[in-house]
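**Student:** Sequence:
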Amino acid sequence: MNDIERVLVLGPHTDDGEFGCGATIAKLIEAGKTIYYATFSCAEESVPEGMPRDILLTEVRAASEALGISPEHLINYRYRVRHFPHYRQDILEDLIKLRREIQPDLVFLPSKHDVHQDHQTIYQEGLRAFKFTRILSYEMPWNNFSITTNVLVHVEERHIQTKLNAIACYQSQINAGRNYANEEFVRSLARTRGVQGGTHYAEAFEAIRWLIV
Numbered sequence: 014m015n016d017i018e019r020v021l022v023l024g025p026h027t028d029d030g031e032f033g034c035g036a037t038i039a040k041l042i043e044a045g046k047t048i049y050y051a052t053f054s055c056a057e058e059s060v061p062e063g064m065p066r067d068i069l070l071t072e073v074r075a076a077s078e079a080l081g082i083s084p085e086h087l088i089n090y091r092y093r094v095r096h097f098p099h100y101r102q103d104i105l106e107d108l109i110k111l112r113r114e115i116q117p118d119l120v121f122l123p124s125k126h127d128v129h130q131d132h133q134t135i136y137q138e139g140l141r142a143f144k145f146t147r148i149l150s151y152e153m154p155w156n157n158f159s160i161t162t163n164v165l166v167h168v169e170e171r172h173i174q175t176k177l178n179a180i181a182c183y184q185s186q187i188n189a190g191r192n193y194a195n196e197e198f199v200r201s202l203a204r205t206r207g208v209q210g211g212t213h214y215a216e217a218f219e220a221i222r223w224l225i226v
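Heads up, the sequence shown stops at 226 in this note's numbering, and the numbers go up one at a time, no gaps.
Be aware that one or more of the hints could be misleading.
What the hints assert, rightly or not - Lysine-lysine pairs mimicking DSSO-like chemistry, simulated, CA-CA at most 27 Å apart:
(1) Lys110 - Lys125
(2) Lys144 - Lys40
(3) Lys144 - Lys46
(4) Lys40 - Lys125
(5) Lys46 - Lys125
(6) Lys110 - Lys144
(7) Lys144 - Lys125
(8) Lys110 - Lys46
Said to hold, decoys possible - Label-pair distances were calculated between CB atoms; the ranges are:
(9) Glu196 - Pro61: 29 to 37 Å
(10) Gly211 - Asp67: 16 to 24 Å
(11) Ile109 - Asp67: 24 to 32 Å
(12) Val128 - Asn195: 34 to 42 Å
Don't read these hints as lab results, they were simulated from the structure.
This one's a predicted model, so the numbers in the text were calculated from it and none came from an experiment.
C-beta: ideal position from N, C-alpha, C; glycine also.
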């Protein structure tokens, strides 16, 4: 991936990028790549009772900093959670604007097998906007009935720890009892993918579009 310099991570909601490819983000930043992270909803309607409605905006800023993403490379849109299909054209136009402004060499987005309606919208419109760009989709096992893991990125303990540090910033989700927002799950999935990839830890992706230039 020596010719990849600018990477765009698309997260339907804040925290999706961290869960889907947090360790890989850490590895790419360590390698000197420029990472942009765009999220499309702060999920105000899903915030646990008693917390500020915009708590996820605060948390994604902290998580991005933990990963090493520059603050100016974090873009947050405010679409209504679980209503993305209604805003499909607006989302596509935002994605096209990102393509023009960033011109990424690689895009990470959710899996085509993701059953969440917001994730599906970002996947589908992401394909339209970035069809001439390398695209990898990340896995979220709690939303994926299946995924073809034909790309495995070897990561080290320090990358996994950076991912865990970023996830720890989402106290609103941890307090809500998200059973995937814990160290045991993150490490066990990375260990499983590592075994599949002939190493200790890895993150898995599906190659949606890969251009050789």
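**Student:** Each of the hints needs a verdict: does it hold here or not?
**Tutor:** So, going through the hints one by one against the coordinates:
1. Lys110 - Lys125: The given pair, whose Cα atoms are some 22 Å apart, holds under the 27 Å limit.
2. Lys144 - Lys40: With a Cα-Cα distance of about 25 Å, the restraint between Lys144 and Lys40 holds, given a limit of 27 Å.
3. Lys144 - Lys46: Cα-Cα ~21 Å, so holds.
4. Lys40 - Lys125: 24 Å, holds
5. Lys46 - Lys125: Status holds; Cα separation ~26 Å.
6. Lys110 - Lys144: Distance ~14 Å between Lys110 and Lys144 Cα, so the pair holds.
7. Lys144 - Lys125: 14 Å, holds
8. Lys110 - Lys46: Given that 27 Å is the threshold and the Cα spacing comes to 21 Å, the pair holds.
9. Glu196 - Pro61: 29 to 37 Å: 21 Å, violated
10. Gly211 - Asp67: 16 to 24 Å: 43 Å Cβ-Cβ, so the 16 to 24 Å window is violated.
11. Ile109 - Asp67: 24 to 32 Å: 27 Å, holds
12. Val128 - Asn195: 34 to 42 Å: 22 Å, violated
Going through the hint list in order, the structure does not satisfy hints 9, 10 and 12.
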